[in-house]
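Undergrad: Read off the chains here:
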Amino acid sequence: MEPIYLDNNATTRVDPVVVAAMLPFFTEHFGNPSSIHAFGAQVGKALKSARAQVQSLLGAEHDSEIIFTSCGTESDSTAILSALKAQPERNTVITTAVEHPAILTLCEWLEKDGYVVKKLAVDKKGRIDLDEYKSLLNDNVALVSAMWANNETGTIFPVETMAEMAHAKGILFHTDAVQAVGKIGIDLKNTKIDMLSLSGHKLHAPKGIGVLYLRRGVRFRPLLRGGHQERGRRAGTENAAGIVALGRACELAQAHIAEENTTVKRLRDKLEAGILAQVSHAFPTGDTANRLPNTSNIAFEYIEGEAILLMLNKMGIAASSGSACTSGSLEPSHVMRAMGIPYTAAHGTTRFSLSRYNTEEEIERVIAAVPAIIAQLRKLSPYWTDNGNCGGPAAAKDSFAPAYA
Amino acid sequence: MWEYSDKVREHFFNPRNAGPLEEANGIGDVGSIKCGDALRLMLKVNPDTEVIEEAHFQTFGCGSAIASSSALTEIIKGMTVDAALGVSNQDIADYLDGLPPEKMHCSVMGREALQAAVANYRGEVWKDDHEEGALICKCFAVDAVMIEDVVKANNLNTVEEVTFYTKAGGGCAACHEGIEEILARVKGERPGGGETSPPPVCPAAPETAKPKPSKLTSVQRIKIIEEVLESVRPMLRRDHGDVDLVEVQGKKIFVTLKGACSGCMMEAATLGGVQQKMIEALGELVQVLPASLMPVE
Ligand SMILES: Cc1ncc(COP(=O)(O)O)c(C=O)c1O
Chain C
104 MEPIYLDNNA TTRVDPVVVA AMLPFFTEHF GNPSSIHAFG AQVGKALKSA
154 RAQVQSLLGA EHDSEIIFTS CGTESDSTAI LSALKAQPER NTVITTAVEH
204 PAILTLCEWL EKDGYVVKKL AVDKKGRIDL DEYKSLLNDN VALVSAMWAN
254 NETGTIFPVE TMAEMAHAKG ILFHTDAVQA VGKIGIDLKN TKIDMLSLSG
304 HKLHAPKGIG VLYLRRGVRF RPLLRGGHQE RGRRAGTENA AGIVALGRAC
354 ELAQAHIAEE NTTVKRLRDK LEAGILAQVS HAFPTGDTAN RLPNTSNIAF
404 EYIEGEAILL MLNKMGIAAS SGSACTSGSL EPSHVMRAMG IPYTAAHGTT
454 RFSLSRYNTE EEIERVIAAV PAIIAQLRKL SPYWTDNGNC GGPAAAKDSF
504 APAYA
Chain P
118 MWEYSDKVRE HFFNPRNAGP LEEANGIGDV GSIKCGDALR LMLKVNPDTE
168 VIEEAHFQTF GCGSAIASSS ALTEIIKGMT VDAALGVSNQ DIADYLDGLP
218 PEKMHCSVMG REALQAAVAN YRGEVWKDDH EEGALICKCF AVDAVMIEDV
268 VKANNLNTVE EVTFYTKAGG GCAACHEGIE EILARVKGER PGGGETSPPP
318 VCPAAPETAK PKPSKLTSVQ RIKIIEEVLE SVRPMLRRDH GDVDLVEVQG
368 KKIFVTLKGA CSGCMMEAAT LGGVQQKMIE ALGELVQVLP ASLMPVE
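Protein sequence lines correspond, in order, to chains C and P. If you're matching positions, the first sequence starts at 104 in our numbering and goes up one per residue. If you're matching positions, the second sequence starts at 118 in our numbering and goes up one per residue.
Mixed in with the good hints there might be a few duds.
[To be verified] Straight line, CA to CA, 30 angstroms or less: simulated DSS-like cross-link-like pairs of lysine-lysine:
#, chain 1, residue 1, chain 2, residue 2
1, C, K215, P, K194
2, P, K255, C, K482
3, C, K292, C, K237
4, C, K222, P, K304
5, P, K255, C, K417
6, C, K482, P, K194
7, C, K310, P, K304
8, C, K417, P, K124
9, C, K215, P, K304
10, P, K244, C, K482
Since the hints were made in silico from the structure, they are not lab data.
One chain only, chain C, in its complex shape:
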């Protein structure tokens, strides 16, 4: 049986059209775009058109606002460090509790250097409170960084409104749009967003290519200094093949964006409803009314995520989980904890993330496979009792009370 890939928020398959577009840049078009001769000029031209393709998908006003980087993480780091370096009189970064580690780990490191980091809390559905946000905006803030869409739950933040509010106070605004680009419409020229990160491998381009969008006129300090590539804003000889691939992938994404929000969304909804109709003690996490069209994150109570993934994998189904075990840490996902999901459920969160390559038959196979897997694992769980009820605090006498907490 063909394996079913439902882990597109982790990474995507490179579109065959994209592969075909990039291959010549390893062979005949191997020149350095900075060179004067014909070998270089050809490549330079290809980079220019790729830049225009990215510009178009993002709705950026100028192509010079697109800076190619090596990945989403580099774009995130560049944005935050630049904002702090360029405004030494400001020492505060506002972000959210549910950002990707590319933001949070950097922020924790900055705190050790004396910077102030304010993390916006989220509610049970993963939403921030705009009043709390507003109360934090002051002259000490160098930058606000909030993700456009959450990688675990797909929850969408109102970044356009947040950017307006920051702008009104003279504060720079960055968004990690790694998960949003290509899945929802973006038109940067009509927003007050100053910087945006994207990553190629989330939209059917290869790994190792990213973009930092930098609005014209925004103060900037490069992360990598050296040659004059990317107008001196990101030194280092360009990843020409990756850039060409990303350009082509952006063009494809633009052509398919309606499909993401109709076909893919319908399959996602079918999958989620199909599973929840058969499995009790399970619920979708995040802001289900306002999330990416491809993402469904379901918490299965009283069982553990890695075990679910191993069982799914045996059936040829690829998904991911927010459990402690899959992350190699001692605690379940920080996103689930920020939303106040109880531990008994957080460890069992399972993320299904679709792409335009998924088919109706695949989704039906998954709907058919999941209930048996959940039932089998629950039979092994000491938190689950045979009559289908949970062995929680209510099941007094026989309740499971392990010796250390």
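Starting from the known structure of chain C, arrange chain P with the ligand on it as the hints suggest.
TA: Frame of chain C, contents of chain P with the ligand only:
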């Protein structure tokens, strides 16, 4: 992600002895929902012979937690209670052809459940004194709790010293930042804000070094080294292991660990403990290393 052995996968997909055991007369519940592991072990012990006739488990946890539970029940079925108590974490891991370093705690949980179930059978109350920290050094499987304890007990101040005592940080160096954080935290907690430093060259020397001659002959050194090994042997033998001296090269002491200790994840921890004793006895900083790391010429 981690690689599981075929044996782990097999026990995960086809767990033995899963589910409640009605006639159980010894039940042990251990684990923590916070870190996503919990295990109930149920034993049916024959009160006349003390033989474990049936062993069942229920586990909330990852693939290796379920496989470790399944392996444990298979290992102890048919054993007497006393013999079962001799089963070590390593026995469980070995039965499964090994576990990834991040997952060794799953076998620890199995052993604790066993102790708890036996205590329950005997009408005693089992108290867990084991604390688990985040894994800091993946090369040598050393966690935050162990590093913190050693730093506190020996007044350590540098990553290098931590590596000498625990081996943590002696591999890929990725955890040096994490070790520095622990050092900074412990330093902050010390009275006087960490001003009390051990002598820079020889952290363990303060008292033990004094009665010793300032320079030991190599014969004297080897004698002391043998004495230290002799003193840890009973402890290792309890875990079905043993240790032998292979070679001393300057400040490097090469040994072989045998039996249950060899090649296991606990090897690093064992050597760390031996090393600490060596440093104290010799009054100098030495490294205790597995003979496999001995330079070949
Ligand atoms: C929201 C978010 N930000 C940043 C990243 C990091 O991107 P990259 O892997 O290209 O560094 C990811 C990828 O997992 C992501 O989901």
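Undergrad: Taking the earlier hints as the rules, which of them does this structure contradict?
TA: Of the numbered hints, 1, 2, 7 do not hold.
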